[in-house]
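If you want the building blocks of each chain, they are given just below.
Protein chains: 2
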Amino acid sequence: MRVLITGGAGFLGRTLAARLLQRGHLSGASGDERIDRITLADVVRAEGLDDPRIEPVAGDIADRALVERVITSETTAIFHLAAVLSGQAEADFDLGMRVNLDGTRTLLEVCRATGHCPRVVFASSVAVYGGTLPEVVLESTPLTPQTSYGTEKAIGELLVADYTRKGFIDGRSLRLPTIVVRPGKPNLAASSFASGIIREPVAGVEAACPVPDSTGVWILSPRRVVEAFVHAHDLPSGAWPTTRVVNLPGITLTVREMIDAMGRVAGQEAVSRVKFVPDARIQGIVKTWPVRFRTERALAMGFRADGDFDSIVRDHMESEEGAKREAREKA
Amino acid sequence: MRVLITGGAGFLGRTLAARLLQRGHLSGASGDERIDRITLADVVRAEGLDDPRIEPVAGDIADRALVERVITSETTAIFHLAAVLSGQAEADFDLGMRVNLDGTRTLLEVCRATGHCPRVVFASSVAVYGGTLPEVVLESTPLTPQTSYGTEKAIGELLVADYTRKGFIDGRSLRLPTIVVRPGKPNLAASSFASGIIREPVAGVEAACPVPDSTGVWILSPRRVVEAFVHAHDLPSGAWPTTRVVNLPGITLTVREMIDAMGRVAGQEAVSRVKFVPDARIQGIVKTWPVRFRTERALAMGFRADGDFDSIVRDHMESEEGAKREAREKA
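From first to last, the protein sequence lines are chains W and E.
Counting in this note's numbering, the final residue of the first sequence is number 346, and the numbers go up one at a time with none missing.
Counting in this note's numbering, the final residue of the second sequence is number 346, and the numbers go up one at a time with none missing.
Rather than coming from a laboratory, the hints here were simulated on the basis of the structure.
Certain hints may be false.
Identical copies carry no separate label here, and so any pair may be met within one copy or between two of them.
[As the list claims (entries may be wrong)] Below are the DSBU-like pairs computed for lysine-lysine, each with C-alpha atoms no more than 35 Å apart in a straight line: (1) K302 - K345; (2) K345 - K181; (3) K339 - K290; (4) K181 - K339; (5) K181 - K290.
Since the model is a prediction, treat every value here as computed from it, not as a measurement.
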């Protein structure tokens with residue numbers, strides 16, 4: 016089987032690809048099937064995965080010709096992660112609509128035209144919620160996005176459900192919590208700070224926190240979200256509700272609790288590197304996001320949250336060490 | 016001011032236009048403003064409204080050039096009624112997506128480009144609900160459309176809300192109950208029978224009812240829905256929730272109760288003209304629609320339901336009589 020990961024040059028896309036390479040198979044029409052190829056489509060060429068099964072393709076996800084090139088009738092597993100992130104989609108309305116709405120629709124249309132009903136795992140977001148929310152968000156809480164990004168993700172979910180109902184795809188949408196700790200550089204997501212206030216300090220660098228330390232964040236680790244993508248793909252069709260959407264389980268922490276955990280794991284010096292620099296634009300977006308969820312459905316479907324934030328910080332530090340070691344060995 | 020009604024050649028569009036001609040004004044930036052022109056855009060040329068203020072325009076709502084022609088900076092009131100109806104959108108997926116999704120987006124984009132933030136009243140539908148629903152649908156019930164039409168309307172609502180939030184339009188979405196009694200011919204809505212089982216029999220013609228007589232229908236009369244469009248437009252922006260959507264109030268009747276009311280108003284002979292001819296396709300669509308609602312928000316905002324179904328039948332018969340008289344006088 017062939018696998019397509021859109022947004023495949025991004026951190027989540029590459030981490031998912033690495034996991035799939037290691038695993039070697041995914042559930043298919045006739046039980047487990049060997050993965051022969053993983054196509055990583057993104058605006059830039061995906062780097063850093065050294066395996067003959069990896070095929071990086073650079074291009075625009077809203078360009079139908081590109082999408083037709085990366086989806087063949089053998090592409091039975093599609094992970095649709097490509098997106099313009101929340102801060103950028105809010106600042107550049109046209110770009111957000113083109114990539115997040117037109118891109119998703121183009122991908123679904125090409126699946127439909129190919130006619131092989133692939134499994135499509137769509138990375139949605141808790142940004143579909145917003146405004147006046149209950150203390151705890153339930154599966155039954157209505158969608159009231161307060162950002163263009165959240166609107167585009169909600170529309171994507173509706174399209175995935177309808178294309179599934181019509182038999183064009185076998186779709187599954189996951190509403191991702193904020194993924195912490197993302198390695199690498201800050202990105203254009205309004206939630207970028209949530210990783211930055213851990214990643215930079217443990218690497219000896221100062222980090223600006225644009226929100227008050229009482230701000231709550233609904234968190235899932237990179238390790239768990241990659242597990243969730245694979246699990247979402249491998250679940251049988253009948254395990255999904257007709258909406259085809261699930262809120263992934265996470266854990267809720269305030270910025271203060273995150274920083275305290277970092278202090279326990281990485282020492283007080285790291286804590287002293289966090290500087291609070293209020294940013295009204297970021298606060299305006301982040302404050303519309305919910306921070307507490309009940310996720311019985313996801314848990315019953317076999318999705319798992321992290322145990323605690325200390326382990327997330329520890330995992331991050333270990334994988335950074337591993338990456339450094341690997342770089343040294345290559346050099 | 017100029018008014019645009021898309022779907023302006025349809026029954027609701029023409030009835031709304033007639034009401035606006037009679038009224039002569041709508042609320043604008045500086046209080047009540049005189050209506051100078053009402054553009055009726057539709058795939059066919061709108062007929063039957065004899066007034067110098069009426070401008071019929073035939074064209075495709077998904078064609079940007081057409082939409083640019085009918086929206087100028089003076090077009091401060093837009094009623095967006097154009098749609099491929101439920102039965103047809105289910106049978107022709109591409110047509111439904113093009114008109115109901117691309118058409119709505121084109122209209123919103125032209126408003127945005129014009130830059131004058133017009134009031135846009137969007138005709139949505141209770142078809143945004145579906146699947147396993149509570150006994151009574153509340154404002155807080157999540158959207159789970161089970162048809163492409165419902166999906167496209169839900170997406171339209173999300174776009175109207177986001178374009179409003181961004182300041183591109185001042186949008187208001189109304190989820191319409193089934194409109195009964197529509198005059199004229201059956202249409203391609205799956206709900207067409209709900210008017211047909213009254214309209215045909217009182218005109219002395221047999222009518223086929225494709226659903227069992229226990230089927231419930233959530234009903235609003237043509238008179239009340241036109242009132243609702245005008246009221247939705249004239250309400251100040253602050254009267255709307257951030258979702259910009261309201262479920263219009265209606266009344267719930269079973270097909271049997273509708274037929275009984277017709278018997279009381281039009282006699283038993285009319286009742287005998289209803290023939291039950293089961294249609295699995297129609298039943299499959301209709302059974303996904305909710306039939307009971309709590310609409311406190313709409314009532315608090317000043318929207319009104321009909322008193323009873325007998326008056327709806329009586330109103331329909333009187334307006335048919337009026338139309339015949341008018342035709343005779345013209346002849």
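Going through the hints against the structure:
1. K302 - K345: neither (44 Å within a copy, 63 Å between copies)
2. K345 - K181: Neither. Shortest intra-copy (50 Å) and inter-copy (49 Å) distances fail the 35 Å Cα cut-off.
3. K339 - K290: Within one copy only: 26 Å inside, 78 Å across.
4. K181 - K339: Close neither inside one copy (48 Å) nor across copies (44 Å); limit 35 Å.
5. K181 - K290: between (51 Å within a copy, 31 Å between copies)
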